[in-house]
Amino acid sequence: MTTSAAPAADAEALLDVCKRIRRHIVEMTHAAQSGHPGGSLSATEIFAALYFGGVARHDPADPQWERRDRVILSKGHATPVVYATLAEAGYFSTDLIPTFRSLGTELQGHVVRNKPPGVEMSGGALGMGLSFAVGVALGHQLSGFAEDEGQIFVVVGDGELNEGQNWEAIMSASHFGLHRITAILDRNHFQNDGAGDEIMRIDPVGDKWAAFGWGVQHVDGHDVAAVRDALLTARARADAPQVVICKTVKGRGVSFMAENPAGWHGKGPSDDQLAQALDEIEAGLS
Amino acid sequence: MTTARAAAFPQPPPAATREAYGPALVKLAEAGHDIVALDADLSASTGGNKLAGSFPDRWFTVGAAEANMISIAAGLASTGKTVYAASFAVFMPGHCFDQIRVHIAQQRMNVKLIASHGGISVGEDGASAQAIEDLALMTSLPGMNVVVPCDSVEADAMICRAAEDVEPWYIRLGRPKLPVVYTEGRHFELGAADQLRDGNDVTLIACGLMVEPTIRAADVLAQEGIGARVLNMATIKPLDEQAVIQAAHETGAIVCAEEHNVIGGLGSAVARTLARHCPAPMEQVGIEDRFGQSGPWTALLQEYGLTAESVVAAAKRAIARK
Ligand SMILES: Cc1ncc(C[n+]2csc(CCOP(=O)(O)OP(=O)(O)O)c2C)c(N)n1
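These protein sequence lines are chains A and B, in that order.
Here the first sequence stands for residues 1048 to 1333, where the numbers follow my numbering.
Here the second sequence stands for residues 52 to 373, where the numbers follow my numbering.
There may be inaccurate statements among the hints.
Unchecked claim - Per label pair, the in silico range of CB-to-CB distance:
| hint | chain 1 | residue 1 | chain 2 | residue 2 | range |
| --- | --- | --- | --- | --- | --- |
| 1 | B | Gln293 | A | Ser1140 | 41 to 51 Å |
| 2 | A | Ser1140 | B | Val271 | 43 to 53 Å |
| 3 | A | Ala1309 | B | His300 | 51 to 61 Å |
| 4 | B | Gly83 | A | Ala1258 | 45 to 55 Å |
| 5 | A | Asp1063 | B | Pro107 | 44 to 54 Å |
| 6 | A | Phe1303 | B | Pro193 | 47 to 57 Å |
| 7 | A | Trp1214 | B | Asp85 | 30 to 40 Å |
| 8 | B | Pro193 | A | Ser1302 | 23 to 33 Å |
| 9 | A | Trp1214 | B | Ile296 | 46 to 56 Å |
I should point out that these hints are in silico values taken from the structure, not numbers from a laboratory.
Ideal Cβ positions, reconstructed from N, Cα and C, are used throughout, including at glycine.
Use the sequences and the hints to build the structure in full.
Take a look at the structure:
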């Protein structure tokens, strides 16, 4: 059955999915002793809502289903959250997860299209995802898809918005009237070198997006039900491209990461840190 | 000429070529050079942020915005500053080639591009993070000086030497810690090959992290009675054509070894010189026109054949074709 959304999980089940995703994220980056846990943990509720909240219409048994919604990771370093989610959604076995970043694995350090199936776009160079989405949306329009088919969700980082190409894409999406596009901003206020407000201010980012002709929603990015609702609202809008600005914490769910996000952009936890992280994720502390 | 690996000197600890950048910037500023350094949200990895400690007004980060950084660099250079701009080799030139082309190369601006994390030795980050084509891009720009150090000592020498002239340079640095080749120091001369070993049967021409395994390859060949000359061709452009021509005449066979696509890097530059001036059999050790992937960097060097063994085999193939 490839024509409808997977049944949406209830509120409690969504919280449980978030825990499982977080567990995979810290285990994966621990096994690899590298990778990007901070910006994966901040995007956990976003991915849980997309894949388990009945937002994205997709079929793990048929990843190439033509009229599927596409979820695109523009901040292509946050692979742990993508692989964790796709495995939980049934795209591939969770047994693959420990191979993350090893020689010959499907689970490459940065996203690679169709590796594993379900990954829609290669990335790792910031700033390209929204433009790719503009192309996909134009294509879906030309293919004559129904209004609510072939939606495109693009997860963007706030540091990533430093790249000018994003603003070219934002401009063209509204110019071409591409309502199928929903950008999801992981607004965790940190980037590679530290705090975004010190490195390159992007605020008032919602106003900027609105000035470019997009519909804008602000939401608590760790309230998974709220994220789901905002995404469903955006999905249903057929007048303009939409952005959901998710207020998040880099490293959310693991105290020593959330308290020191700059230190946890791109490295894996030690054995002791993994144990602590797993305990905290289980307890649902944040 | 510098003698490599002299026994009289204690072997310094391995160091990444990128580790030379921050300290060199501080040295240059302290020596009174009118420098400004720019970064693009990778300053902890490039080391450029070290300048901010002692000379905070001389360092700017522009966020993850390489194209913006390059044109800013050109503007600064137009006011008489010596500008260093740093990022990873995949993003600079990858994300800002046109800005480099028009604003740096065509305007002949005094900007030194410090491209860290060159090659596949970046490791686990995988293909998108591994520059295998940057030397091709940069050597294709008229007036661009393109250099690749083999160790941290040579990297320091290059970065400091670059401040002495007003031309654009591309300096490709690397992520992994490498053994030091120039244990006695390095006097770096732009455009001059440095002969590390003499020999008459074959010439091994290497740059970057392939220099050290190439020296080991020469040792292996020597044990088999094959005399291999070793040239550290740290300047890819302008190429030391005389050294290549002399090597072709005197040894009759050439091997090039580099951590780059076999198309468009050191091997291509040497092949062009050979074809024009002194055709001789030549073999290449390099990345055989495929992208990188995730993995530990040492495993990747094996997987892509960037090893001393590959250089030995290539030398034998070249000699057999004489
Ligand atoms: C074009 C480009 N420049 C630089 C980088 C290096 N880099 C990787 S992640 C990152 C920071 C991204 O910050 P953000 O988008 O906020 O991601 P998050 O903090 O959510 O992980 C940078 C600069 C890159 N991947 N691509």
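Worksheet item: Any hints this thing doesn't respect? Which numbers, in order?
Response: 1 and 8
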